[in-house]
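Engineer: Working from the sequences, and respecting the hints, build out all of it.
Spelled out from the first residue to the last, the chains are:
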Amino acid sequence: MSEQPLLSVENLTVRFAMNRRGLFSPATHLYAVDDVSFHVNRGETLAIVGESGSGKTTAALAAARLVTAYEGRVVLDGEDVLPLEGEELRQMRQKVQFIFQDPYSSLNPRQRAEEIVRDPLQSLTDTPAAEQQEITERLFAQVGLRPEQRRLFPHQFSGGQRQRIGIARALATQPELVICDEPVSALDVAVQAQILNLLSALQEEFGLTYLFISHDLGVVQHMCDSVAVMYMGKIVEHADRKSLFNNPLHPYTAALLSAVPSVDKTLREKSKRILIPGDPPDPTQKQVGCRFASRCPVAQDQCRLSEPPLTEIAPNHRVACHLVDEKAISPL
Amino acid sequence: MTEPLLKVQNLRVELTTRNGTAPVIDDVSFELHAGENLSFVGESGCGKSMTALAIMGLLPEGIGRITAGSIMFDGQELTELSQERLRRIRGNDISMIFQEPMTSLNPVYTIGEQIVEVLLAHQSISRADAWAEAATLLDAVRIPKARERLKDYPFQLSGGQRQRVMIAIALACKPKVLIADEPTTALDVTVQAQIFDLLRDLRQETGTSIILITHDMGAVAEMAERMIVMYAGRIAEIGAVDDIIGTPRHPYTKGLISCVPHVLAHVTDEKQPLTEVPGIVPSLREFGKDQCLFASRCQHRTQQCLTARPQSVNFDGAQSADCWHAGTL
Ligand SMILES: Nc1ncnc2c1ncn2[C@@H]1O[C@H](COP(=O)(O)OP(=O)(O)O)[C@@H](O)[C@H]1O
Ligand SMILES: Nc1ncnc2c1ncn2[C@@H]1O[C@H](COP(=O)(O)OP(=O)(O)O)[C@@H](O)[C@H]1O
Ligand code: SF4
Ligand SMILES: [Mg+2]
Ligand SMILES: [Mg+2]
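Residue numbers (the working numbering), protein chains in the order written: chain A, 1 to 332; chain B, 333 to 661.
Hints were generated in silico from the structure; no laboratory data involved. Watch out, some of these pointers could steer you wrong.
[What the hints assert, rightly or not] Pairs of lysine-lysine residues, derived as DSSO-like cross-links and limited to a Cα-Cα distance of at most 27 Å, are as follows:
#1 B:Lys621 x A:Lys270
#2 B:Lys603 x B:Lys621
#3 B:Lys586 x A:Lys270
#4 A:Lys242 x B:Lys603
Structural biologist: Listed below in structure tokens is the structure:
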């Protein structure tokens, strides 16, 4: 693929100041996203997967300029995003829109559905009012809401319908990149399928590029073209869909996959269960070595001493593990 | 076959809300045998938690009441017991763990104090013995350095550890039945795997029967021998897990299984749209109508489905589905 990725994130770091323990102790920081690089090809879906607290949301928010990056570079459509200000920043915001996890709290309860959907057009574009109305009406149909529902308030909709409103709002400015942050995690399985199918259809229709955040590996596998697996602020594996799921190389990726309960009996019997003990270590403590070492079933001395870099071990397959090399064989 | 440990027959529970009275549990019957894991699945709002609360005698006061049917537990009719006797059964014989362990733990007491309180309330042992027993329990639910952690407050624990503490409290009195209502929904998948492992081991060691409530078919497949698919306060399908997942007979069960993007062992370039079950679970107001309550979402619906509640159709191996067309689909 010679074409430039639509979004390319290079060495991004986001840190949050922590409460000082005492008046004279130095300020400490939590590195929520720590030197992370990934890219999303135009018209494709990159999924970021990982457990809660691994930094998925923060990475996406920083790429969209909704949280301040500490270090790194974000290039959208050839343009350096982090230094943008004023009108240029406003232009950039039209191109990147967000769909949030919680269809309950992410909509203003006092706004009517159509006002919510129109909001980005008003704040980010100079679209004339009449055209705004047309666009809003069209969006309602496109996300599967009925015209008479335009005047209703969020509480008058079901969870799935509210997520449709959130999707319509995200599409209002005709963005190129849509960041979907756990868009179906709060929904029941049947409604999940409805929303996932809608997102796929809209992507096809408008050539959208998705940065799709989820902790659900089944959903990720279904939606993505490529995947980045995060663990404690780091990407541990980044590969295209087939490479990642057919040959997961990082022990954490393998453990995540084996932890998903499966309805498929043969799959259950043939797959080796990799039970990783404990919880992730305290993110406020700076780690030496591989962050996964404390839970990794195959960790060796070198893993606890030096941090493995994210290394390309095959085309479109990068892994950060000391025990994985070009032979691309799982260390488990 | 031996007598079941728990036998629920034709249970009807009515909820009275601003919108009137409706049967949140509508003619539900099932059995739970000693040492068995039975799972309830279904979307939210189908009455899974209400079924559990009815068994526990914890229906929302002034709103919910059992209006018909029987709950036989270990030779006693629970629906006829006094509050006092029920409370004793709740503490000693049937325990429950909930989805959000933080809200079920008291933030101002250490976890040690909370476990000891439960032990003292239900067993005649000394306070010192209770503390020793509490440490043993924390150890049994695989919390490292159990004795030291007894002094921790709930906020000092991770979500997974809090759920382990809840399991420890639930196990404190060696219950015959453990009801786990979405115990891992708020947890990460690797932590869920640990909790499931723990539940499996505990069941093997203690012979406790488990009722696992979940919305995840995969979890059912891994944890349970028998399952009940609930829809709008009724049993849509009941039977052995392998039978139902292998050959679902009720259109709702089929939909629940096929609408989920299951992790595949081997992925190809091909991607199919997910099978959709249109619409949503009806609200409580619709419950109890003399028709199939799934009809509005069902592609096999006929006139009959709209005019009478479906009867059970039985299949091999004690699988049965409440659908007018289950036999011919
Ligand atoms: N505004 C904030 N202030 C302080 N810490 C934060 C803030 N936002 C996120 N964090 C912390 O950063 C880490 C990553 O969080 P997040 O990006 O939300 O993870 P994820 O989306 O993968 O669950 C977590 O440890 C979280 O507690
Ligand atoms: N305290 C309550 N007051 C009124 N309605 C309730 C109450 N609790 C539950 N319900 C209603 O009862 C039905 C079944 O709820 P529940 O048993 O919690 O479902 P599930 O556990 O399957 O998600 C739902 O329609 C729900 O809205
Ligand atoms: S009874 Fe009719 S509407 Fe109900 S599930 Fe069966 S076919 Fe569908
Ligand atoms: Mg997040
Ligand atoms: Mg419930």
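Engineer: When the hints from earlier in the document are held up against this structure, which numbers fail?
Structural biologist: Violated hints: 1 and 2; rest satisfied.
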